[in-house]
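Number of protein chains: 2
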Amino acid sequence: MSATPSRLTTIRDFTILLDKYDTWMFDCDGVLWRGSEIIEGVIEVLHILRCRRKKIIFVTNNAAKSRKSYKSKFDKLGLEVHVDEIYGSAHAAAVYLSSVVKLPKSKKVYVIGMKGLEEELEEEGVSYLGGTDPHDNTLHPFSLDEFHLDPDVAAVVCGLDMSINYTKIAKAFQYLTRNSGCQFIAANEDSTYPASNGILPGAGAVMAPLRHMLGRDPICTGKPSAIMLDCIKAKVKFDPKRTLMVGDRLNTDIEFGHNGGLSTLLVLTGVTSESDISGPNASPTIPDFVVTSLGDLRILDREVA
Amino acid sequence: MSATPSRLTTIRDFTILLDKYDTWMFDCDGVLWRGSEIIEGVIEVLHILRCRRKKIIFVTNNAAKSRKSYKSKFDKLGLEVHVDEIYGSAHAAAVYLSSVVKLPKSKKVYVIGMKGLEEELEEEGVSYLGGTDPHDNTLHPFSLDEFHLDPDVAAVVCGLDMSINYTKIAKAFQYLTRNSGCQFIAANEDSTYPASNGILPGAGAVMAPLRHMLGRDPICTGKPSAIMLDCIKAKVKFDPKRTLMVGDRLNTDIEFGHNGGLSTLLVLTGVTSESDISGPNASPTIPDFVVTSLGDLRILDREVA
Numbered sequence: 063m064s065a066t067p068s069r070l071t072t073i074r075d076f077t078i079l080l081d082k083y084d085t086w087m088f089d090c091d092g093v094l095w096r097g098s099e100i101i102e103g104v105i106e107v108l109h110i111l112r113c114r115r116k117k118i119i120f121v122t123n124n125a126a127k128s129r130k131s132y133k134s135k136f137d138k139l140g141l142e143v144h145v146d147e148i149y150g151s152a153h154a155a156a157v158y159l160s161s162v163v164k165l166p167k168s169k170k171v172y173v174i175g176m177k178g179l180e181e182e183l184e185e186e187g188v189s190y191l192g193g194t195d196p197h198d199n200t201l202h203p204f205s206l207d208e209f210h211l212d213p214d215v216a217a218v219v220c221g222l223d224m225s226i227n228y229t230k231i232a233k234a235f236q237y238l239t240r241n242s243g244c245q246f247i248a249a250n251e252d253s254t255y256p257a258s259n260g261i262l263p264g265a266g267a268v269m270a271p272l273r274h275m276l277g278r279d280p281i282c283t284g285k286p287s288a289i290m291l292d293c294i295k296a297k298v299k300f301d302p303k304r305t306l307m308v309g310d311r312l313n314t315d316i317e318f319g320h321n322g323g324l325s326t327l328l329v330l331t332g333v334t335s336e337s338d339i340s341g342p343n344a345s346p347t348i349p350d351f352v353v354t355s356l357g358d359l360r361i362l363d364r365e366v367a
Numbered sequence: 063m064s065a066t067p068s069r070l071t072t073i074r075d076f077t078i079l080l081d082k083y084d085t086w087m088f089d090c091d092g093v094l095w096r097g098s099e100i101i102e103g104v105i106e107v108l109h110i111l112r113c114r115r116k117k118i119i120f121v122t123n124n125a126a127k128s129r130k131s132y133k134s135k136f137d138k139l140g141l142e143v144h145v146d147e148i149y150g151s152a153h154a155a156a157v158y159l160s161s162v163v164k165l166p167k168s169k170k171v172y173v174i175g176m177k178g179l180e181e182e183l184e185e186e187g188v189s190y191l192g193g194t195d196p197h198d199n200t201l202h203p204f205s206l207d208e209f210h211l212d213p214d215v216a217a218v219v220c221g222l223d224m225s226i227n228y229t230k231i232a233k234a235f236q237y238l239t240r241n242s243g244c245q246f247i248a249a250n251e252d253s254t255y256p257a258s259n260g261i262l263p264g265a266g267a268v269m270a271p272l273r274h275m276l277g278r279d280p281i282c283t284g285k286p287s288a289i290m291l292d293c294i295k296a297k298v299k300f301d302p303k304r305t306l307m308v309g310d311r312l313n314t315d316i317e318f319g320h321n322g323g324l325s326t327l328l329v330l331t332g333v334t335s336e337s338d339i340s341g342p343n344a345s346p347t348i349p350d351f352v353v354t355s356l357g358d359l360r361i362l363d364r365e366v367a
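Protein sequences appear in the order of chains C and D.
Under the working numbering, read the first sequence as residues 63 to 367, first letter to last.
Under the working numbering, read the second sequence as residues 63 to 367, first letter to last.
None of these hints come from the bench; they were simulated from the model.
Just so we're clear, the structure is a prediction, and the values are computed from it rather than from any experiment.
Accuracy of the hints is not assured; some may be wrong.
Derived CB-CB ranges, DEER-like [as the list claims (entries may be wrong)]:
| hint | chain 1 | residue 1 | chain 2 | residue 2 | range |
| --- | --- | --- | --- | --- | --- |
| 1 | D | S189 | C | S258 | 25 to 35 Å |
| 2 | C | I73 | D | L201 | 51 to 61 Å |
| 3 | C | K130 | D | L201 | 21 to 31 Å |
| 4 | D | G260 | C | D301 | 50 to 60 Å |
Note that the Cβ used here is the ideal one computed from N, Cα and C, for glycine as well.
Bound-form chain C, shown alone (with noise of 0.2 Å):
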């Protein structure tokens, strides 16, 4: 972490950052791709790092997607990816639940969530109610009278859900203050999410209003989460010293890579603009490198070839 990012714009700047580091953390919106079009360069960028075997890890706030629905945006936009090579909010609820939380079999957890979250928690065995299930979807006056209170409940997680409505706010709410011990966890904290068009509320503002009636932060596994890296490290070894965090989002990506001990390279073709880093209302939260576009390390490919 440096008082000012160094600016790179040369091949021997790039070339340095190339030598520096093994293994290449990337955020993926506002990163390779905006909404649904790919940054320009970045396919050749992630083909150089390939060339020379760098370790690449694509790390994503998204929690409305498993990491497998994930890839199929990879594959639409031409990047040639593997599902391992993702890791996902959605996914570090749910390995933080079996490999934390250690939840019992017997128990189960409450999700306000989409689809993705559910096939996470599959994934892990993690047993659950609520999500996508038809009764919770529902614009129908709640009535607690109606509710049957699951004892086994031992969580609530939440995610992006588009679905949000007053049953499942409620229903939560019973959980977390009704079954002793019931832990309050969020894949992510982004207040709001961009969509192609313009700006929709994200899993933050979703699991708000739980927030405020417990008057508690949930446990948040996303980014800047050290929960996100824990994942990777039970997959993917790696050296913190020769890893780089590439992100778009000073509180997530960049904060993220400063928590986890990782340099951290800043690209401004997502929501940061130079007024976030420079002068006076300048975050405090400052990259060690800043660069343009990710797609601007495409000039190395004359050196590798």
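Given the structure of chain C, go ahead and fit chain D onto it with the hints provided.
Only chain D this time, still in chain C's reference frame:
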């Protein structure tokens, strides 16, 4: 406001109270009734106050009902009141928009809320959209492509909304961020409310996603806000020094009294218990007086008779 509240138990205590205050303001739920059951002695106490020609005002944060429909609750429980004696947070929100914001007739508000809030807006001549509109009461995926941003929406108003959903949150967020100067108003911040058989999400929980996304608080019109008292002042003449606010919640009712320079009487028939007002975990908000139940004052009828 005193350092420790006076416990009132005797006819002599209550007689002093009766002599000291001309205007009596009451919170309703937890003071007059609990769920659908009236608290013993309350009918007699209100009768005593009316016989003594006290000014009586009911001040509720219930934002789901209009004053008119709230009156039917009094009727059902055998409490004779006039609709003009009732002041609600939905009414306060509507009055705030018409009298303080002075919303031009050409402008509208986007409503997250129920029929009661709409009725209060209509009463004040404020145009609105959202609310109970079937188009907004849906779990159908929200798409910005199909969304038309109405440039005349100049405020978002949130009350309790048991049909809260992603579409409403997303639309409200668009107005608050894309219509310049759009105001963020909440009928109240109560995170929960007591139903007859448990605790359910309140208006504060419903507006929490927007607060999280915007990173700022709404203007709240319900207790403990002075906006609510201003609404009452606009209609009723009273001397704050000779006015008593009776309530069961320290952070709404008693704070409301303090903010308005009124004396305060806490009852223990609602959400506040002995341990909240004395001992190591006592709240910093201290009422002037405490009675176990408003019904205790009925022993005064011996005096009156």
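Now the hints, each set against the structure:
no. : hint                           : in the structure
1   : D:S189 with C:S258: 25 to 35 Å : holds, 32 Å
2   : C:I73 with D:L201: 51 to 61 Å  : holds, 52 Å
3   : C:K130 with D:L201: 21 to 31 Å : holds, 25 Å
4   : D:G260 with C:D301: 50 to 60 Å : holds, 52 Å
Comparing the model with each numbered hint stated earlier shows that all of them hold.
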